[in-house]
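Residue numbers (my numbering), protein chains in the order written: chain X, 44 to 438; chain V, 958 to 1246.
For the record, the hints were derived by calculation from the structure and aren't laboratory data.
For glycine and all other residues, C-beta sits at the position ideal for the given N, C-alpha and C.
Just so you know, not all the hints are guaranteed correct.
Said to hold, decoys possible - Covered, in the sense of this in silico footprint (three residues per stretch, anywhere, with C-beta under 8 Å from a C-beta of chain X), are these stretches of chain V:
(1) 1095 to 1106
(2) 1121 to 1128
(3) 1145 to 1155
To be verified - Listed next, the in silico SDA-like pairs over lysine to any residue satisfying Cα-Cα at most 25 Å (straight line):
(4) X/Lys-419 to X/Ser-243
(5) X/Lys-222 to V/Tyr-1225
(6) X/Lys-214 to V/Val-1072
(7) X/Lys-343 to V/Val-1072
(8) X/Lys-296 to V/Gly-1216
(9) X/Lys-296 to V/Thr-1085
(10) X/Lys-405 to X/Ala-427
(11) X/Lys-405 to X/Trp-189
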Amino acid sequence: MTQATFNRALRPLALASLAAALLCATSAKAEERPIVIGGSVSITGALAVDAAYHLHGLQQGIEDANAQGGWLGRKIELKYYDDKSDAGTAVRLYTKLITEDNVDLVIGPYSSGITQAVAPLINKYEKVMIEPEASVPDIYVPGNLWNVQGIAPSLGYLEGVLPLAKSHGAKTVAVLALKSAFSLACDKARLEQVKALDMSLVYDTTYALPQPDFSSLALAIKNAQPDVVVVCSYYPDAVGIAQALQRAGYAPKFFAEAIGPAEDEFTKALGPIANRIISNTSWWASLKTAGNAAFIAHYKATFHQDPDYHAASGYGAIQALGAALNAVKAIDQAKLHDWLLHNEVQTVQGTFANDPNGAAKKFNQYLFQIQDGTRKLIWPLADAEAPAQIPYTGQ
Amino acid sequence: MLVLQILINGLLLGGMYILLAQGLNLVFGVMGVVNLAHGAIITVAGLFTFWFATHTQLNPLVLLPVVFVAMLAIGALLQRSLLEPLAGVGRKSELLSLMITFGLSYVLVEIGLDVFGSQYVSLPNLQTTWSLGGLTINEALVAAGVLGAAISGALQIWLRHTDSGKCLLATSQNRIGAVACGIDVSRMRCIAFAIGSSLAAAAGVLIIMVIPLAAQTADSLTILAFVVVALGGLGDYRGAALAAVVLGIAQSAVGYYGGGDAESVVPYLLFILFMILRPQGLGRAVQAQ
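Assemble the whole structure, with the sequences as input and the hints as a guide.
Here is the structure:
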């Protein structure tokens, strides 16, 4: 065999080797590509204060998952845009994330209202979406197949306030609610609870943001003299109503606001007025849930603030998504969805378990109270760190 | 007693509205331009006040004269650099000025977002509530309402009883006549925008103690201020003050008896009604009678 013949015989072999090497290199490169989770976050707008904790929770969850080797041997990345607390903007952003950015997975936005707007899109593109901040039950219905709730349902927000108040002799109640999907669901549940507990509803109203002045509502509350004031709020109106009640010179025996008091910004804005306000949480630092101590330590180190339940919901959603991926071992939307509906995951905010419609069924609700600048768990009594301080003084 | 409390609440709210609207009205009166950056100036000044008060632990009212004077200079600079070059383009200048203030509003909001963040903030200062014979009056609302009315009163005195003020008023009433009288109209435009900006900034310093503000609340403040100005009669200073008080009382009464949703629509419902029935505004309607 001449050298030329030998070379000709080897050429196909060399080409095949080269092709195989290229294929392997490409394949290795594909495996190294990070898993991208896409979502919109309310970085600006009325929901920005609460949504910042949600974002931090997601970021911390991804950082911790990456520190443990990522998912399916790949790193995880979060790709997010600012939805400006606007549902229409969020719909446009999720369309972009799914169709242009081609993200591997999607995660829910902040708030029930924005999630409601995004839900049909998720169904259209058949993307499983854990929703760590959408508490209203209306989303988790047979028509919304791909939505999986990652937070305690809104019907349970402030659920403990009226029984607690009644046990202390309270009889009359005022209920206020922001006109938003979450707040109205919370409002409806509390109004039904007033009837069920045979308490007397002496004032009931809804309002919309931006509302520059709550003084007339506060005056109406003062005139009605309720023992309990329950506000199904977000952060800005929670601050505004507390200020207005103080300006009207009225302090009900029990004063509870749904969303807002969990954030440090709330006590900074209100000062002593915040003392003894009661609020709701589905997570607490003292709970012995899966990975809670590490979550708190890492979160504080990264963001230099205490986490709240929005952060825990975001973190828990990443824990659940990671468990599903590691079990299914592929980014297969249908299999991930099926796994999430038929399995339980222990997360920082408790047991992540959902019914066939995707509604969360095992998260607990708690009440905390701001007591001299610190937040103490006060309900249920079995988990309480301190007894409720009564009455609310407004100063 | 209840009616009196509603009236007091309405008057104090009206005082805040006067503060919101007077600067916008002054700029419109002299320049014929709705300053769409008005709410952004209020908001950025309010956020700056929050930052200052939380970092220095000083009373935010200390900032009031400082911010007022600083905004005089900044307002004059903005007018000279952005708006005055448009004065020579004829009838298009008002539309172009509107577009420039629209752009300026976005720039200021973005600066506010970058520097102060997006969260709603409020100062817990002046939260004492006084009880007087069954009536309750809050210190922050009184401070905002009284200072708002005082600043507005000072503006009125300046406009009607000083030579420079009369020149400005004359310019707002009839520009061609003002030129014929030898008034430097260009200078008047600069003064009007500078004072309008200062009034907006003063409103921001006071309002941060009354309602939570965030950079993105700028637009809603501009709209509210515009509604007050339109109700009073565009460019009518006393009319705007009257409209602010009427609006404050109407909102307080409707909010008390009708709830939060009803209160929210009061400004816009009144606005539509006035545009149909009294487009000249409340001030001129009262003067006509």
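To see whether the hints hold, each was checked on the structure:
1. 1095 to 1106: holds (count 3)
2. 1121 to 1128: violated (count 0)
3. 1145 to 1155: violated (count 0)
4. X/Lys-419 to X/Ser-243: Outside the cut-off at roughly 28 Å; violated.
5. X/Lys-222 to V/Tyr-1225: Given that 25 Å is the threshold and the Cα spacing comes to 18 Å, the pair holds.
6. X/Lys-214 to V/Val-1072: Distance of about 47 Å is beyond 25 Å: violated.
7. X/Lys-343 to V/Val-1072: Roughly 23 Å separates the two Cα atoms, so the pair holds.
8. X/Lys-296 to V/Gly-1216: holds, 22 Å
9. X/Lys-296 to V/Thr-1085: At roughly 20 Å apart (the allowed maximum being 25 Å), V/Thr-1085 and X/Lys-296 satisfy the hint.
10. X/Lys-405 to X/Ala-427: holds, 19 Å
11. X/Lys-405 to X/Trp-189: Given pair X/Lys-405, X/Trp-189 holds - Cα atoms ~19 Å apart, limit 25 Å.
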